[in-house]
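From just these sequences and the hints, can you work out the full model?
Residue numbers (the working numbering), protein chains in the order written: chain A, 4 to 497; chain B, 4 to 497.
Rather than coming from a laboratory, the hints here were simulated on the basis of the structure.
There could be a bad hint or two in this list.
Result set (DSSO-like, lysine-lysine): computed pairs, CA atoms no more than 27 Å apart in a straight line [unchecked claim]:
id, chain 1, residue 1, chain 2, residue 2
1, B, K350, A, K429
2, B, K330, B, K124
3, A, K37, B, K350
4, B, K32, A, K433
5, A, K32, B, K32
6, A, K462, A, K433
7, A, K350, B, K18
8, A, K350, B, K433
9, A, K350, B, K429
10, A, K422, B, K350
11, A, K433, A, K32
12, A, K18, B, K350
13, A, K350, B, K422
14, B, K37, A, K37
15, A, K32, B, K37
Number of protein chains: 2
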Amino acid sequence: MSDAKIRRPRAETPKGFRDYFGTEVTQRKAMLDKIAEVYHRYGFDPLETSAVETVESLGKFLPDVDRPNEGVFAWQEDEADWLALRYDLTAPLARVAAQYRNDLPSPYRRYAMGPVWRNEKPGPGRFRQFYQCDADTVGAPSVAADAEICAMLADALEAAGIERGDYVVKVNNRKVLDGVLDFIGVGSDDPNRPAIMRTIDKYDKVGEDGVLELLTTGRRDASGAFIDGVGLHLQSAQSIVQYLTQKSVIGGDELNERRLASMRQAVGDSAVGNEGIDELELMVSLLSTQGYEADRVCVDSSVVRGLGYYTGPVYEAELTFQITDEKGRPRNFGSVAGGGRYDDLVKRFTGQSVPATGVSIGVDRLLAALHAKGRISTDITGPVVVTVMDRDRMADYMGMVTDLRNARIRAEVYLGNPKNFGNQLKYADKRNSPVAIIQGGNEAEAGTVILKDLILGAKIAQNATLEEWKDRPAQVEVPRAELVAAVRRMLDQN
Amino acid sequence: MSDAKIRRPRAETPKGFRDYFGTEVTQRKAMLDKIAEVYHRYGFDPLETSAVETVESLGKFLPDVDRPNEGVFAWQEDEADWLALRYDLTAPLARVAAQYRNDLPSPYRRYAMGPVWRNEKPGPGRFRQFYQCDADTVGAPSVAADAEICAMLADALEAAGIERGDYVVKVNNRKVLDGVLDFIGVGSDDPNRPAIMRTIDKYDKVGEDGVLELLTTGRRDASGAFIDGVGLHLQSAQSIVQYLTQKSVIGGDELNERRLASMRQAVGDSAVGNEGIDELELMVSLLSTQGYEADRVCVDSSVVRGLGYYTGPVYEAELTFQITDEKGRPRNFGSVAGGGRYDDLVKRFTGQSVPATGVSIGVDRLLAALHAKGRISTDITGPVVVTVMDRDRMADYMGMVTDLRNARIRAEVYLGNPKNFGNQLKYADKRNSPVAIIQGGNEAEAGTVILKDLILGAKIAQNATLEEWKDRPAQVEVPRAELVAAVRRMLDQN
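Spelled out as structure tokens, the structure:
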């Protein structure tokens with residue numbers, strides 16, 4: 004049977020998945036290492052759970068219940084158990100906190116970094132496997148734990164390379180929102196409540212008027228599609244908007260204090276609402292003691308967080324600088340991290356309430372932000388390439404590369420077909436090689452090697468005037484014994 | 004409805020999976036970082052492929068076809084594609100090499116580190132998710148590439164902490180074995196061939212007599228079970244054993260050369276067999292030029308490697324020291340890495356043969372080896388713990404912890420219920436905390452803090468005679484302003 008008759012498999016990453024190459028891997032690793040160092044200093048320990056969980060243990064806590072294709076990648080085991088890939092790092096933590104509750108220190112501070120999987124319709128920039136980087140404290144009932152997470156988030160962003168002033172950690176409290184809804188007569192078991200929450204979450208996108216429309220009779224969006232309203236009375240909707248617009252209290256001294264005062268009005272005499280504001284007040288005061296003022300951690304009533312399981316403080320890190328979108332328009336970079344207090348996730352397993360709070364950093368978005376701000380070096384120098392002029396002397400070339408590597412210089416010998424020397428230089432170019440080593444028969448006889456400065460060569464090729472480099476040769480011949488020293492000199496010049 | 008009526012999910016890691024805590028994560032990371040540094044120096048670039056592949060792209064290349072439950076974790080997409088978790092890092096590399104063949108440098112040197120998944124029956128120490136750490140060169144036809152991988156493997160093991168003398172990289176060549184089988188009349192399409200290969204792979208376990216029995220009429224193993232033989236004639240089986248026993252040529256000068264000479268006899272006039280030995284000879288000579296002699300990279304005819312896809316050189320890193328097994332008996336630690344040349348994996352996708360060679364390190368086994376040799380520090384000091392004597396002064400305690408963290412000292416404030424002070428010290432103990440900070444009302448009034456040296460305290464508790472530490476107090480009181488300096492002094496003493 005001829006080969007052509009066999010149907011070949013397609014060489015394709017599955018839809019919605021992607022591969023990461025070279026510097027994409029090292030840049031992410033460098034960023035996560037810096038963040039891990041901050042988490043470590045705060046006393047958090049790493050935890051790496053299995054990627055696979057039982058479906059029953061994961062539960063149904065996916066965000067974005069609006070979208071139809073949300074879900075997990077799941078399959079059934081031979082015996083009966085359904086298994087699934089984790090969709091976040093919080094559900095596995097809840098499972099671990101329940102499973103090892105007698106062995107773990109309490110409170111348990113842990114961080115986790117790794118991929119999570121979502122069985123969603125892939126879209127541009129929307130992948131079905133992506134990295135998260137979480138830190139959570141389990142077993143700490145006081146808002147001191149929430150304040151600590153917010154301070155640590157600020158430190159982690161700065162360690163990663165986001166400068167102070169380019170981010171703000173926005174904090175709110177679910178209880179405040181509950182208080183506002185209580186105050187306008189929407190009870191905690193009102194079926195409209197989830198829809199109201201999701202509408203409020205859109206404040207930053209659709210603005211004051213948009214939220215007002217969506218809370219009442221509905222709204223036609225930019226594409227012309229009509230989105231149904233929640234059906235609240237205008238007056239109730241206005242109360243909610245009034246609460247949201249305390250956000251318009253901006254700048255100046257004691258910003259957090261003034262925003263808190265404005266919140267008090269919106270919750271009226273609601274007990275839960277005032278409890279939420281008390282908690283926010285305590286967080287603000289603890290953070291202030293530690294030097295985190297409103298320029299870094301700021302009260303913001305529009306922060307809701309999509310997830311249904313939050314029970315108290317919620318927080319979100321927003322990058323405040325602008326970037327240019329695909330259409331060339333400036334827009335705010337937006338959120339790169341979020342979290343909050345979820346006191347009931349562990350209870351699912353044990354029946355006992357366990358207070359917990361934590362944050363998740365969107366790793367790919369934060370990396371994109373660092374790229375946008377030019378905080379990631381794009382000068383990636385490849386290895387020194389030892390070319391092969393005479394394939395019978397491969398041992399000589401490998402000896403050179405060994406000498407370089409032993410001197411801690413990144414180096415390779417060309418291992419493709421050496422017949423075409425041009426291909427070898429093209430290869431060196433593709434590898435971003437700074438220096439190529441050449442030893443033909445003549446040089447071998449003379450006991451020398453030729454070093455070609457590829458970075459200088461590229462500069463000369465770009466720039467017609469050689470004046471700048473007239474004293475610097477792009478190519479030198481040195482004794483073989485001086486190879487390492489000569490390469491190091493050439494590397495140091497660039 | 005009462006809570007008790009709701010069936011709670013079990014808090015359990017799925018069968019065959021496990022979680023990694025704290026130092027387990029950091030120790031593995033530290034080891035992989037050291038190995039990555041070696042790979043990088045050799046010019047290898049990182050690659051991180053998606054954990055999910057299409058089933059058709061993965062193909063059927065699982066090792067251990069003998070075992071019944073072998074397989075992958077797979078599920079069907081809505082539309083029709085079957086997806087699966089990768090079972091190794093080689094199959095995804097073959098897919099990437101085909102998919103990006105026009106963009107990648109050629110040869111393409113890449114390394115990859117990450118989890119892989121096997122849908123197998125879990126057993127003691129046998130998990131269904133485990134780490135691999137691979138390095139491969141795609142597009143390099145010459146055995147210089149195989150020699151490079153062997154040298155790099157030796158360097159990586161030493162960088163990880165395995166001392167020279169405690170490991171040997173054993174090399175062989177599939178063609179030599181083919182030659183031996185040719186020579187005794189077992190053709191390349193003989194249905195017995197895979198069974199013969201697997202039997203040879205057992206040489207280290209069952210020895211010369213065991214292999215002879217298994218190749219002929221069968222064998223009763225230690226448990227009393229009878230294992231069918233392959234059914235070769237005794238004379239043919241003896242030829243194979245003669246080839247295997249060239250391994251018995253041991254020690255002394257020119258060990259590799261003497262073993263190669265012994266191999267020549269076993270392949271007779273087989274062309275493919277002699278080609279394999281020529282390749283081995285060239286590898287040995289290239290490695291010798293680079294300083295890798297038989298004490299580090301050694302020809303060994305018993306190395307077969309289970310996988311069917313190898314086509315030329317095969318290699319395996321064995322740790323040569325002994326450990327004590329569960330029953331207290333000494334045994335060789337055994338293999339921690341293996342690989343070889345597989346020239347046909349990329350061809351599956353493109354129809355064009357692409358030469359490739361590479362190695363996979365068993366991360367968990369190598370870590371276990373480092374533990375067995377005491378090469379991993381078990382002295383894990385936890386964070387300084389600031390205790391809470393008065394919950395109304397949480398801001399003061401958080402201020403202390405902030406000062407310590409800003410001075411790069413790992414520290415936490417106790418965030419559990421502070422009522423029982425004994426619990427706080429138990430917590431500090433569980434965290435391996437070196438120092439506890441205490442500030443009650445009296446100290447607060449006096450502007451001081453108390454530092455408790457927990458490491459010294461533990462030593463004193465262990466050892467009845469206080470003589471050693473009589474000049475060193477386990478507890479000091481210092482002004483609050485000197486907190487950081489005093490903690491640093493206490494840490495430095497331990």
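Right, here's what the structure says about each hint:
Annotation: proposed proximity of K350(B) to K429(A) holds, straight-line Cα distance about 24 Å (limit 27 Å). A distance of roughly 23 Å separates the Cα atoms of K330(B) and K124(B); the hinted pair therefore holds under the 27 Å criterion. Proposed proximity of K37(A) and K350(B) is contradicted: the alpha carbons are some 41 Å apart, above 27 Å. Using a Cα cut-off of 27 Å, the hinted pair K32(B) and K433(A) is violated, with the two alpha carbons roughly 30 Å apart.
As the CA atoms of K32(A) and K32(B) are separated by approximately 11 Å, the hinted pair is consistent with the 27 Å bound. Of the supplied pair hints, the one linking K462(A) and K433(A) holds, its CA atoms being roughly 16 Å apart against a limit of 27 Å. A distance of roughly 23 Å separates the Cα atoms of K350(A) and K18(B); the hinted pair therefore holds under the 27 Å criterion. Note on K350(A) and K433(B): the hinted pairing holds, with a Cα-Cα distance of about 24 Å set against a maximum of 27 Å.
Between the alpha carbons of K350(A) and K429(B) the distance comes to roughly 24 Å, so the proposed pair stays at or under 27 Å and holds. Only pairs whose Cα atoms come within 27 Å are accepted, and K422(A) paired with K350(B) is accepted, the gap being roughly 23 Å. With a C-alpha separation of about 23 Å, the suggested pair K433(A) and K32(A) falls inside the 27 Å cut-off, and the hint holds. At most 27 Å may separate the alpha-carbon atoms for a hinted pair to count; K18(A) and K350(B) meet this at roughly 22 Å.
This hinted pair checks out: K350(A) and K422(B) have alpha carbons roughly 23 Å apart, not beyond 27 Å. Pair hint K37(B) plus K37(A) holds up; C-alpha atoms about 17 Å apart against a cutoff of 27 Å. Of the supplied pair hints, the one linking K32(A) and K37(B) holds, its CA atoms being roughly 14 Å apart against a limit of 27 Å.
In the structure shown, a violation is registered for the earlier hints numbered 3 and 4, in ascending order.
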